[in-house]
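Colleague: Residue strings, one per chain:
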Amino acid sequence: MPFLPVILWSDVLIWLLLLLAVVLGWLSARNPLWRTAWRRVGRSRAGMASATLLLAFAVVGLLDSLHYRPRLVADGGQGASAQPTAYAVEVLSLLDALLTPLRTRNEKTYSEPLATRAHARETIEVRGSDGRLQQTRDHPRLRYGGAHLGADESRRDADVASRVLQALGLALLAWAAVAVAVCGGVARAQGSGWRQAWRRVWRRDGDFAWNAVLAALAALLLLAMPVALLATDYHVFGTDKVGQDVLYQVLKSVRTALVIGLVTTLVMLPLSVLLGVLAGYFRGWVDDLIQYLYTTLSSIPGVLLIAAAVLMMQVLIDTHPQWFATAAERADLRLLALCFILGVTSWTGLCRLLRGETLKLRELEYIQAAQAFGVSSLRIIGRHIVPNLMHIVIIALVMDFSSLVLAEAVLSYVGIGVDPTMISFGTMINNARLELAREPMVWWSLSAAFFFMFSLVLAANLFADAVRDAFDPRLAGSP
Amino acid sequence: MSAPPSQHGEELLAVRQLRVAFAHGRSLLPAVDGIDLRLAAGETLALLGESGCGKSATALALLRLLPAAGRIVAGEVCFGGRDLLRLPESEMRAVRGGGMAMIFQEPATSLNPVLTVGRQLAEVLARHRALGGAAAQATALELLLAVGIADAPRRLGEYPFQLSGGMKQRVMIAMALAGEPRLLIADEPTTALDVTIQAQILELLSRLQAERAMGMLLITHDLGVVAQMATRVGVMYAGEIVEEAPRAAFFSAPRHPYAQKLFAALPDLARRGGQLQTIPGQVPSLSAMPAGCRFAARCGHAWELCRQQSPQWRQVAIDHRVRCHLDDGVASRGRDGGSTAASGEAVAVVAAAPALLAVDELRVHFPIRRGILQRTVGHVRAVDGVSLALARGRTLALVGESGCGKTTVGKAILQLLPASGGSVRLLGEQLGGGARSAQRALRRHMQMIFQDPFASLNPRLSVGEIIAEGMRALAVGGPAAGRRATNTAAVAAVLQQVGLPAEAAGRYPHEFSGGQRQRIAIARALAVQPDLVICDEPTSALDVSVQAQILNLLATLQGELGLAYLFITHNFAVVDHLAHEVAVMYLGRIVEHGRVDEVLRAPRHPYTRALLSAVPSPRLDAASEYIRLPGEIPSPAAPPAGCHFHPRCRQASELCRQEYPPPSRLSATHVVHCHLYPPPGEAD
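Chains as they are written, first to last, in our numbering: chain A, 1 to 479; chain B, 480 to 1163.
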């Protein structure tokens, strides 16, 4: 086998989450109430545009969650069968494989976006026309950035412009293909002609906000396609201190952010739902106990609690190097531990919310009717209370996602976030601290991280808004 | 508007062809469709109609206070010679409160809970009368005295939560009066209040109106309130006014079939034991207004013309107009159309049957806990020694004002609340305590129907699941094998019993109207084949016509299945129509108990008398000797010593202040707790 699959714990969780989403989608399709709610989401233009963007992020994250170790090819070649197959220590993902040029073409140090020469001057030796070596201080030529131009660096602008134009053309073509496919689908579903389908897609009050999806897709393609074409020969977002491509780092950060945002809610959700509902439904000493628990927990400053837990875990990991076959496994475990710690410390807010809602629900007459039938408490909770809390849970889930991505950035900035070898928005921002103090300033690393994180969080927030509006029973009156 | 102005002073308000619509998506749904109104000073115009007819939208449109989706599409609102719809917003603010003021339905939510009464009054005074400081305080005090609030200087500094419901409504009225308006719009001003408080507020409103010569637009669904208050009546249906008449003409001879049906649907003694007339169907929704007469689909007299063409106004008498295609002769025979009294007491024979339910000295006390350690410092005596007995096929009505503990009795009987003392026996077996499985078996025999059909059905379950839940929990219909199929059949059967189609089982509660939802709730209770059904105000959230449908259904089911009802209500008309026996509760105790004709025709306890006299009657000849009850129900946490009723009783003596009266048996069935009737039983 040319590679050895590596299954990291976070990969398992991410794919499980995907499975969960599929199951949830299937359940929603069967339940008419949920189906109409999701239809309302589908009709919201802001919601569908942000969903398109989120989908793009999710694809990047999922590609980055298939890990393997490539087989080392023996140099000699003749004794390959005799030697035991050896695999590289480095764990790569499918995304790494796709981005091999970005990953491997490392410069020496900082370079500006689309530059052909390094950011800082160096002393370089140039052989003069007379054949003597001359020492000059200048920006040295980059090893990979714009290498195809050769000595003719002045052609760079023309080259970039032509690539961008080419890319825009390609983007339009790709978009047109998608739009035609969508129209075809709509035409077939409605049994109408193409012209009608096209008009239907672009109508403002259709059944599904195809116009928003197509517009978001157009914007995405028009931005991503030039970047992709330029990235083959340039460092589109520049390089960082050790010469690594910033675009590569930003794309790798997406998975970290998704893991933090999703896995943490997975830890948090059972705790807050279970405890909140129990406290609200049973009242009495159960309520007292759970309230004391979360009041105590939330009165400890959050960052301190997280710092203490992370540091303890770090010591544990450092003293047991034998647990991990590769550095990636260690970093991954640390990421999961961080998710776990964040989850255990942040369930209180949702728990309090759910307790209050359950207190209200348990006094409603349909709960009393069920009690009058002698339905058992667990069944009442499962059948009557939890389904009526789901809108709050869904809203909290999507809302928390964005705040957790931001929390990771803050924690990594403080130095108690993810493993230093793991690329994340937080570590990128943390590195940028010193870069901003340099003269001339290194701005591209921070800007790229900021732009990507901003679009991810904004998309998640807009989507959360759409979901909340669709699932809130008070707003649900309108079809 | 060809009708001459009425005999009262100058014309105050004239509305012409007002149209209000609500934006829904990109379309406009008409809620009020071209209504004309006129109102003179000192006159009360009552707008009568069921919910969803556009009454409140009309009132809000007059003040230009429609919610964001509401639009005034066309029309004219002339008030004091100016068209309000053309005024700029800044001038409109002077009209609101200064020219016309509004009183809202729910006093609990229309006062700001974080400001004192004095501050809220001062705000209006500063805006409309430019009063401040001591002058404002003095005026506020005057206003509170004018609306009859006792201890007014102290109340000025109090917050809304320190006031009772009736007092809050008085403060609302004082605030409405603060701007010295010439027109008062009262939107269901007493719907949220108890009968005795309602009587107080209505009396106050008519006194204030007479003193200040205000015009009043009274919006209500209660024919009794209309009979007491109105000078003219406008009946609204589906966004149109369909009949307009002076009070006397309206109550003696309503012309529009809808108005006639409204009268026929009212439960009263004349139709006791028989079926009430119902209006089939419901008010058409805004999005599906019929083209012709809007009432045609529900009208018994409708003919071809009604479905094609909307009727025009027709003058039938001075000041009496109606929008109906029918000729006089046909229209006027509506009132006696109701199937009258199916010779009442067919079930009376069962009176001697053994008791199905026997409640003895039932007590429910809620502890009041204070302090860090949550020590019990006292008890709220919600139910304090209630004894009842109920036989199969009989209906016992438990009546009383809110807060008297009648719902608590129902819940304690169902074991939804733990009893603190006394016993409840069903079919001779003790409830509460004992083995869980035995208790569970008993649960099958009693069920409850709740007040609010919108809160009593889980919105996330289909109707079939809702009905089947009880069957499954109580294992009705045999063991698990093949239960699914039997359940489906049973659900269909029970749905048919309550008059719903079998395919309703697959739909969700939000697809049904209020009356249909109440039918589903009844089906849920019936599904486990109970013997006793506790009905907790099952019709108070419903419109009159729908209420009649539900009452008919309950009566039919009782006849077919021999159900016993414990009917918890505050509506005496319903009691009169349905109950065999009545128990009147006051502050956790039953003060009078007897057969329905004994209690309602010859009430003995002063509280029962006051309660009955406070009920507004939807007739012209209503006996106006209203016994005024001062004050409100005291808190059950600290009931007065002696007879609980003595602080509000005009006949209270020294003995009443010291001792709770023992039961006095006036006849075999009639028991009253009052010192006026000493136990030996010499009737006064």
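Treat the hints as calculated values from the structure; they're not laboratory data.
Hints should not be assumed to be uniformly reliable.
[To be verified] A few chain A residues facing chain B, derived, Cβ under 7 Å:
no.	residue
1	G193
2	L364
3	Y366
4	V375
5	N388
Here a beta-carbon is modelled for each residue, glycine too, at the ideal position from N, C-alpha and C.
Colleague: A separate judgement is required for each hint: does it hold in the structure or not?
Modeller: Hints and how they fare:
1. The interface hint given for A:G193 is broken, as the beta carbon of that residue sits about 24 Å from the closest beta carbon of chain B, more than 7 Å.
2. With its C-beta approaching chain B no nearer than about 5 Å, A:L364 sits inside the 7 Å limit, and its interface hint holds.
3. A least Cβ separation of about 5 Å between A:Y366 and chain B falls short of the 7 Å threshold, and the interface hint therefore holds.
4. The interface hint given for A:V375 holds, since its Cβ lies 4 Å from the closest Cβ of chain B, which is under the 7 Å cut-off.
5. With a cut of 7 Å, the hint placing A:N388 at the interface with chain B holds, because the nearest CB-to-CB distance is about 6 Å.
Going through the hint list in order, the structure does not satisfy hint 1, though it satisfies all others.
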